[in-house]
Amino acid sequence: MGKFDGKLLVSDMDATLLNSEHRVSERNRDAIEYFMSEGGRFTVATGRMVPAVKAYFSQMRINAPALLHNGAKIYDFKDDRALFEKFIEEPRKNAIRRVHDELPEIGLEVYSEEKVYIYRECSETERFKTRSYDVTYSLPEDVWHKPWIKALLIGERELLDKYEPIYRREYDDGYCVRSGSMYLDVVANGVSKGKALTRLSEMLGIDKNNVFAVGDNMNDIDMLCAAGHAFAVDNAEPEVKAAAGRTIPSCDESAVAYIIEKYIDE
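For the sequence shown, our numbering gives the first residue as 1, with consecutive numbering after it.
Hint data in this document are derived by calculation from the structure and do not stem from the laboratory. Glycine included, every Cβ here is placed at the ideal spot set by N, Cα and C. Don't take each hint at face value.
[Claimed, not checked] Simulated restraints, written as ranges between beta carbons of each label pair:
#	residue 1	residue 2	range
1	Asp30	Pro165	39 to 49 Å
2	Asn209	Glu121	41 to 51 Å
3	Pro91	Asp134	24 to 34 Å
4	Glu253	Cys225	16 to 26 Å
5	Glu253	Asp76	25 to 35 Å
6	Glu38	Glu89	41 to 51 Å
7	Glu121	Ala55	16 to 26 Å
8	Lys78	Glu38	17 to 27 Å
9	Gln59	Glu85	19 to 29 Å
10	Ser37	Arg169	45 to 55 Å
11	Cys225	Gln59	22 to 32 Å
12	Gly2	Glu158	43 to 53 Å
Work out the full structure, taking the sequences as your base and the hints as a guide.
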């Protein structure tokens with residue numbers, strides 16, 4: 001029996017577990033290893049896809065299924081299989097086509113079968129040039145007939161602030177959420193990090209009162225509400241801090257280790 005048996009810690013990745021250099025600090029890594037060695041279950045909840053999470057396994061370990069694509073997929077890396085996934089409703093794909101045709105300032109990406117399709121390039125597209133993901137710089141016609149797990153609208157914060165309400169009002173009344181200042185994530189209705197966390201907790205048989213969650217952006221809010229213990233990093237959006245009710249040091253100060261040391265290991 002370990003001192004953390006029956007406890008689940010779930011962390012957002014970018015700007016939460018990962019520091020501003022997109023790395024897992026040694027302190028975070030050591031604290032996570034200690035938490036797991038004493039029976040705790042640790043995983044991540046992220047907008048990232050399977051290979052984008054797997055790329056960090058040289059810097060960290062997880063021992064529970066991960067919540068990917070903002071909760072649209074629960075993935076067991078141990079068995080290399082999806083335990084749950086839900087795809088964007090077919091009629092909503094037309095909204096992405098309309099954005100492409102009518103809003104040329106907005107970058108567009110489509111995620112299908114764990115591949116990235118760049119529907120329209122933008123400055124953020126450059127990030128893929130240093131990564132080994134399966135990226136196609138077009139959206140072939142056959143992909144329109146495949147299941148989409150996520151689509152991304154991309155633009156500078158001011159641009160996305162302008163177009164997000166327009167997209168919601170005139171293009172698509174389905175579920176979408178900001179995952180960063182430059183990203184608006186479109187996913188299936190009825191999925192979110194919070195719903196995925198509840199589903200995962202039930203799968204693992206862990207009571208909500210033993211669930212700890214931390215994040216920084218709008219897509220983390222309902223995850224924080226679904227956890228028994230919620231934390232927002234100091235670099236989080238104000239709305240996230242309000243939802244968490246508890247602010248901890250920033251992502252550059254090993255926030256996940258701080259939770260383990262100050263709140264779980266007490």
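*Please test the hint of 41 to 51 Å on the beta carbon pair from Glu38 and Glu89.*
holds (43 Å)
*Could you see if the CB distance from Glu121 to Ala55 stays within 16 to 26 Å?*
Since the Cβ atoms of Glu121 and Ala55 sit about 22 Å apart, the hinted range of 16 to 26 Å holds.
*asked:* Taking 24 to 34 Å as the stated bounds, is the beta-carbon spacing between Pro91 and Asp134 within them?
replied: holds (27 Å)
*Does the Cβ-Cβ separation between Glu253 and Cys225 fall within 16 to 26 Å?*
holds (24 Å)
*Using the Cβ atoms, figure out if Gly2 sits within 43 to 53 Å of Glu158.*
holds (48 Å)
_Does the beta carbon distance between Asn209 and Glu121 stay inside 41 to 51 Å, or does it fall outside?_
holds (46 Å)
_22 to 32 Å was suggested as the range; check whether the CB atoms of Cys225 and Gln59 agree with it._
holds (29 Å)
_Satisfaction of the hinted span 17 to 27 Å by the C-beta atoms belonging to Lys78 and Glu38_ = holds (19 Å)
_CB-CB spacing for Pro165 and Asp30 relative to the 39 to 49 Å hint_ = holds (44 Å)
*CB-CB spacing for Glu85 and Gln59 relative to the 19 to 29 Å hint*: 26 Å Cβ-Cβ, so the 19 to 29 Å window holds.
*Falls inside 45 to 55 Å, the C-beta gap from Ser37 to Arg169?*
Between Ser37 and Arg169, where Cβ atoms are some 50 Å apart, the hint holds.
*In this structure, is the beta-carbon distance linking Glu253 and Asp76 contained in 25 to 35 Å?*
holds (31 Å)
Violated hints: none; the structure is consistent with every hint.
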